[in-house]
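Chemist: Going down the list, the sequences are from chains A and B. No gaps in the numbering here: position 229 of the first sequence is 228 in numbering that gives the first Met the number 0, and each next residue is one more. No gaps in the numbering here: position 42 of the second sequence is 41 in numbering that gives the first Met the number 0, and each next residue is one more.
Since the hints were derived computationally from the structure, they do not count as laboratory data. C-beta: ideal position from N, C-alpha, C; glycine also. Treat the hints loosely; a few may be bogus.
[What the hints assert, rightly or not] These stretches of chain A come out as covered by chain B in the derived footprint (C-beta under 8 angstroms, 3 or more residues):
1) 41-53
2) 59-70
3) 91-101
4) 192-198
5) 246-252
6) 370-379
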Amino acid sequence: MKMKKMLGAVLGILVMWGVCQAQQIVLRVLMEDIPETWIIEELLPLFEKETGIRVEFEKMTYIGMHDKLVAQLLAPVNAYDLMQVDFIWAGEFPAAGWLEPLEPYVQRSGFDLSPYLPSMLDLVGYYQGKLYMIPMYSYTMALIYRTDLLNRPDLQEKYKALYGRPLMVPETLEEYVNICKFMTEYAGIPGAAMQGMRGDPNFLEFANYLFAVGGDFVDENWNVILNSPEGRKALELYVENITKAAPVGALNFTLDDTYRIMCQGGAWSFISYWWMLPNLQDCPNVAGKLAIAPVPGGSGVNGGWGWAIPWNSPHKEEAWKFISWVESKEIVRLRALRGHAPTRIDILEDPEILAKYPFYKDVLPIIAKAKKVPIFAYTAEMEDVVGREISLACTGAKTIEQAIADAAKGLEALLKKAGLLR
Amino acid sequence: MKRKRAGLAFASPGLLVLVAVVAFPLGYALFLSFTRYSFIQPNYDFVGLNRYLEAIKEFYFRNSVLTSVFYVLTTVILSLCLGFILALLLYQKVPLKGFHYFAMSLPMLIAPVGVGLIWKMILHPELGILSYLFGRCDFLGDPRYALFTLAFVDVWQQTSFVALVFLAGLRSLPKEPFEAALVDGASFWQILRYVTIPLLTPIIAVLLIYQTVVEIKTYDLVYVLTKGGPGVSTDLISYYIYRRAFLGLDLSGASAMAYILLFFSLILVFLYYRKLLKS
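Chain A extracted, bound-state conformation:
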């Protein structure tokens, strides 16, 4: 009898628990497994307390995310209620009709878009005039370099004796490549930790070189202008730097490799994502010896992630509730104080945050001036096609002229496939 009562009580508790679980909405999100995600994850209990909605992050590395998201976006019902969209997919996903337009949500909730940097909204906000994403975090590219080597008296003297000008932060790409070669020869470590792996890494790195010499991939009417004197000059300097001033094996390096090399003090500089700087300050070999500057020439490649709601999300309203919470000024401040890479001007200029991260004053103009690579339905394939040609030029399998001409031809074919060119 006693046993029966106990069993009944356990069953009752289980049923109650099941009912409670069934009532609570759970938002599932696929997130990249990086510090930005961990920071938000720490704050999730606040959202649950405020709204009663539980949020579950499924974390994975970047390389598998696109395929997983595409598979879900093709399904009748998405396993994820909201998602983060890399700028590389910011043309593909809306063009395929996979993202929910966000204007109605913004209007209904009175969400304020004005604090966002226009360059970020242009990158991971609007696609062809329609709002599909809310900027989440920025990874604009910049020059990060070692100040201890740049200010070393013997190196300064040697540089002046050789070139007749002082050794200082480069303002042009030619000067940058020259200093990299100089450091390789006289400082005893490679001048540039370069991410030369074919595809996304070398494409984005090369895009910085292209923008630095005043070139671009397309004009305002999507005509390809890559095969130009600027394009050839950019590739020539890129090949020169990777073959003469980069570590051994740079042709197969990704962002992770360049980070590890810089962290160990194995190179003088790298053109990389600006949030690398605070992360590198944790490396004993280089802590306190690093500074950030715009990519020589002025503009680096703009990069970032945005929040978006998939067309087939089972909980669209709740997903928007989460986006407006996580992007509210209060929460973004909390995120920024923990190391988040902001996309809002008010946060980048916040005195408390500036006191903790003084270099944000240098970062703000870098993000504001950054340029974007062509964002359209086949941006990911463009990275592959152009990246292949850059890599072929670096290995010497193609001449600079041939590689740039073939890259331009490949890009033109993709723009035609996307219907942007006739």
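Following the hints, put chain B in place on chain A, whose structure we already have.
Modeler: Frame of chain A, contents of chain B only:
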């Protein structure tokens, strides 16, 4: 007649599952390869053999086929030879046999992505153990060595499986031919050449077919280690097809390429079958 019907009734659930998981995807991919279906423009307009002709005309697709042929030949020959030698060694009386079996099976138990990541760190020119011991060597960043390095990593993983199958084959061989050869005064090499290898022909044929198919499908190692580069030096066909589908969002083009690959794989399997198993 009654027995036949009963057999069909018993087999039908299995057959239905087979149709659902094998025949349907294959049929759907074949259908797609005659259309211009893409994730961006999902329409099923019939275009005949155009997607096949476009694939064959593509320089980099042909290049990936040639790279794959070289890769498959290298990895299959090396893994079979090394696996055979390992099996012969383990077939002898050696101490700590259990430990050897365990150590040899380990690579086989690791997922290819894990194998790729392990070797990526070992081979890293700046941070890897090999560079630490022998000075900086650029195994994956130099187009002259990248494909061989990839093949080496693959062979490292595949050899254990090949050795185990050979070992099972050696153990199942009849003792009499070996005893007769010994009585006749045959040397070790003569026994190997005229008794062991001929008796192992069915095993060799099965391994050749299996390993060829496995190597043609190599994708994970390229994905983790090189992404097809430097240049196009490790751009294997499976990885090329994957990129067409998931970067180019062109499912019909990728299906046509996959069918070309399937066609050549079937020819190879058929030839192996005819030459080795039938004989």
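Chemist: Going through the earlier hints one by one, which of them does the structure break, listed in rising order?
Modeler: 1
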